[in-house]
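A.B. asks: Sequence:
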Amino acid sequence: MPSDEQLAVGLLGRTAYGRAAISMRALPFLAFARHIVADGRVLLRMPTSCGYHQVCAGSVLAYGADNLGSARPGERLWTVQVVGRCEAHEPSADEIERFGTVPRQVDGEPFEPVYLRIEPRFGTVHFTDGPAGRL
10 MPSDEQLAVG
20 LLGRTAYGRA
30 AISMRALPFL
40 AFARHIVADG
50 RVLLRMPTSC
60 GYHQVCAGSV
70 LAYGADNLGS
80 ARPGERLWTV
90 QVVGRCEAHE
100 PSADEIERFG
110 TVPRQVDGEP
120 FEPVYLRIEP
130 RFGTVHFTDG
140 PAGRL
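If you count by our numbering, then the sequence shown holds residues 10 to 144, one letter each, in order.
Worth flagging that the hints you see were computed from the coordinates, not collected in a lab. Note that the coordinates shown come from a computational prediction; the quantities given were computed from them, not determined experimentally. Quick reminder that beta carbons are idealized off the backbone N, C-alpha and C, glycines included. Some hints could be false.
[Claimed, not checked] Listed next, with one range per pair, are the computed distances between beta-carbon atoms: (1) Gly22 / Ala102: 25 to 31 angstroms; (2) His135 / Asp103: 28 to 34 angstroms; (3) Leu39 / Arg81: 35 to 41 angstroms; (4) Gln15 / Phe120: 17 to 23 angstroms; (5) Thr110 / Ala35: 35 to 41 angstroms; (6) Gly19 / Gly109: 18 to 24 angstroms; (7) Phe120 / Pro37: 24 to 30 angstroms; (8) Ser32 / His135: 32 to 38 angstroms.
Please work from the sequences and hints to get the whole structure.
C.D. replies: Quick look at the structure:
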């Protein structure tokens, strides 16, 4: 049976976007990101224009996603998070391809991607008892 960390990383692989939770100047904030899973690590793509990557790189953060808005009829709802150290990442050509196309702009600024890597140290997973729509 997989650990919560392995299950969380596996479920993250079923989604494309999530949120990083981190502290900036002693205040909590959430940063959106596109993600893929590679070799048990969570790779993130963020826009450089937001500057979130500067706070995330070198820090321990939580990254989470869910299927709350995308569950198909009969599928259980789930939410996961992994916690681990985040570092800058130089993606391979295959990883860049897996991320897919980039948006043209974010907040009116040209999108320039920055890539990060989370090495999960632990994870949490929560499921509903019934299918989607029964919260």
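A.B. asks: Enumerate the violated hints, using their earlier numbering and listing them in ascending order.
C.D. replies: 1, 3, 4 and 8
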